[in-house]
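For the protein sequence lines, the chains are P, X, Y and B, in the order given.
So for the first sequence, numbering that gives the first Met the number 0 puts the first residue at 0; every next one is plus one.
So for the second sequence, numbering that gives the first Met the number 0 puts the first residue at 0; every next one is plus one.
So for the third sequence, numbering that gives the first Met the number 0 puts the first residue at 0; every next one is plus one.
So for the fourth sequence, numbering that gives the first Met the number 0 puts the first residue at 0; every next one is plus one.
In case anyone wonders, no lab produced these hints; they're calculated from the structure.
Quick caveat: nothing in here was measured; it's all calculated off a predicted structure.
Check the hints yourself; a few may be wrong.
Partial list, computed: chain B residues near chain Y (C-beta under 10 Å) [claimed, not checked]: (1) I157; (2) T164; (3) S166.
The calculated SDA-like cross-link candidates involving lysine to any residue, where the alpha carbons are at most 25 Å apart (straight line), are [what the hints assert, rightly or not]: (4) Y:K215 to X:A7; (5) Y:K215 to Y:E78; (6) X:K215 to P:L200; (7) X:K215 to P:K215; (8) B:K215 to B:R143; (9) Y:K215 to Y:F148; (10) B:K215 to B:F148; (11) Y:K215 to X:L79; (12) B:K215 to B:A89; (13) X:K215 to P:P59; (14) P:K215 to P:G62; (15) B:K215 to B:P193; (16) B:K215 to Y:A84; (17) X:K215 to P:G83; (18) X:K215 to X:P80; (19) B:K215 to Y:K215; (20) P:K215 to P:L200; (21) Y:K215 to X:R76; (22) X:K215 to P:G58; (23) X:K215 to P:R4; (24) B:K215 to Y:E78; (25) B:K215 to Y:P59; (26) Y:K215 to X:G58; (27) P:K215 to B:A89; (28) P:K215 to B:R4; (29) P:K215 to P:P80; (30) Y:K215 to Y:G147; (31) X:K215 to X:G120; (32) B:K215 to Y:L79; (33) P:K215 to P:S144; (34) Y:K215 to Y:I75; (35) X:K215 to P:Q2; (36) X:K215 to P:A7; (37) X:K215 to P:I88; (38) P:K215 to B:P59; (39) B:K215 to Y:A89; (40) Y:K215 to X:A86.
From the three backbone atoms N, C-alpha and C, an ideal C-beta is built for every residue, glycine too.
Each chain, written out:
4 protein chains.
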Amino acid sequence: MTQARRFAAETVGTALLLAVVVGSGIMGERLAGGNVAIALLANSIATGAGLVVLIHIFGPVSGAHFNPAVTMMAAIRRELPLAGAIAYIAAQLAGAVAGVWIAHAMFGEPVLQLSDTLRGGPAQGFSEFVATFGLIATILGTGRSLPGFTPVAVGLYITAAYWFTASTSFANPAVTLARSLTDSFAGIALVSVPLFVAAQLAGAIAAVGFFSWLFKAEAAR
Amino acid sequence: MTQARRFAAETVGTALLLAVVVGSGIMGERLAGGNVAIALLANSIATGAGLVVLIHIFGPVSGAHFNPAVTMMAAIRRELPLAGAIAYIAAQLAGAVAGVWIAHAMFGEPVLQLSDTLRGGPAQGFSEFVATFGLIATILGTGRSLPGFTPVAVGLYITAAYWFTASTSFANPAVTLARSLTDSFAGIALVSVPLFVAAQLAGAIAAVGFFSWLFKAEAAR
Amino acid sequence: MTQARRFAAETVGTALLLAVVVGSGIMGERLAGGNVAIALLANSIATGAGLVVLIHIFGPVSGAHFNPAVTMMAAIRRELPLAGAIAYIAAQLAGAVAGVWIAHAMFGEPVLQLSDTLRGGPAQGFSEFVATFGLIATILGTGRSLPGFTPVAVGLYITAAYWFTASTSFANPAVTLARSLTDSFAGIALVSVPLFVAAQLAGAIAAVGFFSWLFKAEAAR
Amino acid sequence: MTQARRFAAETVGTALLLAVVVGSGIMGERLAGGNVAIALLANSIATGAGLVVLIHIFGPVSGAHFNPAVTMMAAIRRELPLAGAIAYIAAQLAGAVAGVWIAHAMFGEPVLQLSDTLRGGPAQGFSEFVATFGLIATILGTGRSLPGFTPVAVGLYITAAYWFTASTSFANPAVTLARSLTDSFAGIALVSVPLFVAAQLAGAIAAVGFFSWLFKAEAAR
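Looking at chain P on its own, in the form it has when it is part of the complex (with noise of 0.2 Å):
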């Protein structure tokens, strides 16, 4: 029962997630008049602020991971057993779906869309090693010094890696996946997908390993 309601929180909360990063996205397409800068300005600030808020409402439930390579991690620190980590990503890519179909059916658009936007190439998947990689270091460093904190970093880092990454930070398999189903600011071409997930996975595998190493030697100090 209580396992229903984690799984409904992860599920509401990813698509309010990607509501949120749609739906923004589409605004500033149609606002902006081309000037794709004040675009993304719009989408990242919408989305870090949404995810702070989100993270808020969802963590005290399911730990509002919204994520697949968040929950990985879980899984492999031993916080989360592996049946458990399943049913949390077919819960996440299942609310992500949702998510991108609201966000259209608010915008009056064709619910079901595929993206042609093509994301490909080393520079885009050491872009979303190096997001992924950066995520996983804010969830890991915050939540070790200052867990109440970690919402309001993750929103923040979103932000910022809209901005430093040539990829736009999708930072999440889930999200990569569902933005497929969107012809919009935000989509990204099924073909592309691949790529951005094997990357988004191999950053969080080596945050991981690289913040167990650091900061066990903190502790033993």
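Given the coordinates of chain P, work out where chains X, Y and B should sit on it, guided by the hints.
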């Protein structure tokens, strides 16, 4: 006597909120030279920042609802008696109208205006449903886990919601009605008000239902 | 001896505040290529962020008034003796002028300038009344319920007030007078200063009156 | 052993800082279509947000200096032995250069570059003096009264300082030297580096002197 002061807090707080919403909309429109994205960016940042401050100022006196949907929710949850709720809503409406007029006076515009900006259709209605669902989620979620953070969370939520909803997130029946009295950036034609208010109330009720279920389970864990 | 340090804190803090206000105005004007909305957005974000930091730095030493209206309010409320208040205001004025000159020196502009930007009329005066009413409300309101949040609240308030008042919210007699000494984005012609200062003092007095009533009732509840 | 981890924290943290500064500069330049104000707005928001996060992640390990001027100040105040300070500065320089190269790789640019952006003259030097004075004031001031707020204060300060100084506030000798290795928005010609570094060190020393006096008096009150 104390009652009078609580109503005064709702009136003055809602007036200042509308002065911020409408005033920053006029300023954005005047300066942005047709670039609506920049006007909305300024409007959303000013409104979010202003809300954080206003909730902090008036919260200890009246709870800083500034919003009939929030007051209705408090009445449903028996945090406020029905008579008190009605008086709160009257105070909010009076304050909201005064705030629009204060904004007009500050910008040297005719005080009495009527908007002719039509905002209709199912997409706009669905946007207001989602916007208010999210606002009530923010209040209930942070109010449960971290009440001191609620004012900041509401400000961040509204900044995001101006962008991720197609309606720019009115999410407040008093604000909606008062904004029919300004023929500026923030205006809404009176004919569009009923749809917005109905969608807002539906979104608020849905949020109260969903989060009562979600958080009850947690408490019983 | 300690007195000297408190006056030094008011002087240096107000100087840095004006360096931020005038400097970010010049930068915005130079870079924005005629788009005043973007210049004001940068100006308002920089000023708000700078204020938060400056109040944190100097607050524990002098209270970080940086504003004769705030000092006057403290004197009315007997938090500061009259002689101390006069010395504070002198320190603020000296610092404000120095800050304008620092900004000019940083941007390679002639140090001595006079503004010819007329800012007159009842709408501008009413704007300054509202702006200062809101600033004092912010200080009194958060100072009563959550004093540690006051610096952040003042920064957020000013960011919002740059946008929702037609005058871009000077809300500070020392800042107003000093800004007559810059012929840049932030300037105000000397002839417009008396109206602004009078409106600011009226707004401050109105806020002290209203909130004394509002918060006294609460205390007696 | 623990020493190695502290140096690793300074290296990786400074690398990520430069990736944010240079990467968001490149993104801003690419998207803004010649509107430098929008590019700087994105650059300043991303850098400020990124700094808050990075200081939270690495602060508990190494203090998160990321800046030879900060390390020098710590050495002057005997918070760090001289040998440790030299090792910190070496780690910061190595990390800063790596961060620039990471940014180039993310954006598919040639890794090895040299800037030809001249930034000279007394106004630029004075700007760096003021910028670094303010940064050290932020660290000393909040470190004394509210150490938990220092990371946020540094982020807010840098966002403001990008705008209120004519040099866009490098305020960091390691950052300055590394930015000579990028021919993008954030670049600085190698020939302009010595002036910047000298002004930064002078500003840091002036701040240490002034605030030692200002805060000592308070302690004795």
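Proposed proximity, E78 (chain Y) with K215 (chain B) (alpha carbon, max 25 Å): holds, 24 Å
25 Å Cα cutoff - pair K215 (chain B), A84 (chain Y): Given pair K215 (chain B), A84 (chain Y) holds - Cα atoms ~23 Å apart, limit 25 Å.
Given pair status - A89 (chain B), K215 (chain B), alpha carbons within 25 Å: violated, 32 Å
Pair hint outcome, K215 (chain X) versus G120 (chain X) [Cα-Cα no greater than 25 Å]: Violated, at roughly 35 Å.
25 Å limit on alpha-carbon distance, applied to hinted pair K215 (chain B) and A89 (chain Y): This hinted pair holds, its Cα atoms lying about 24 Å apart.
Given pair status - P59 (chain B), K215 (chain P), alpha carbons within 25 Å: holds, 12 Å
K215 (chain X) paired with K215 (chain P) [C-alpha distance capped at 25 Å]: Given pair K215 (chain X), K215 (chain P) is violated - Cα atoms ~38 Å apart, limit 25 Å.
Interface hint compliance - T164 (chain B) to chain Y, C-beta minimum distance less than 10 Å: holds, 6 Å
Distance restraint between K215 (chain P) and A89 (chain B), which requires alpha-carbon spacing of 25 Å or less: holds, 24 Å
Pairwise hint evaluation, F148 (chain Y) against K215 (chain Y), where the allowed Cα distance is 25 Å at most: holds, 21 Å
Satisfaction of hint between A7 (chain P) and K215 (chain X), Cα-Cα up to 25 Å: The hint holds at about 13 Å.
25 Å Cα cutoff - pair K215 (chain Y), G147 (chain Y): With Cα atoms ~21 Å apart, K215 (chain Y) and G147 (chain Y) stay inside 25 Å; holds.
Comparing the model with each earlier hint shows violations of hints 6, 7, 12, 15, 19, 21 and 31; every other hint is respected.
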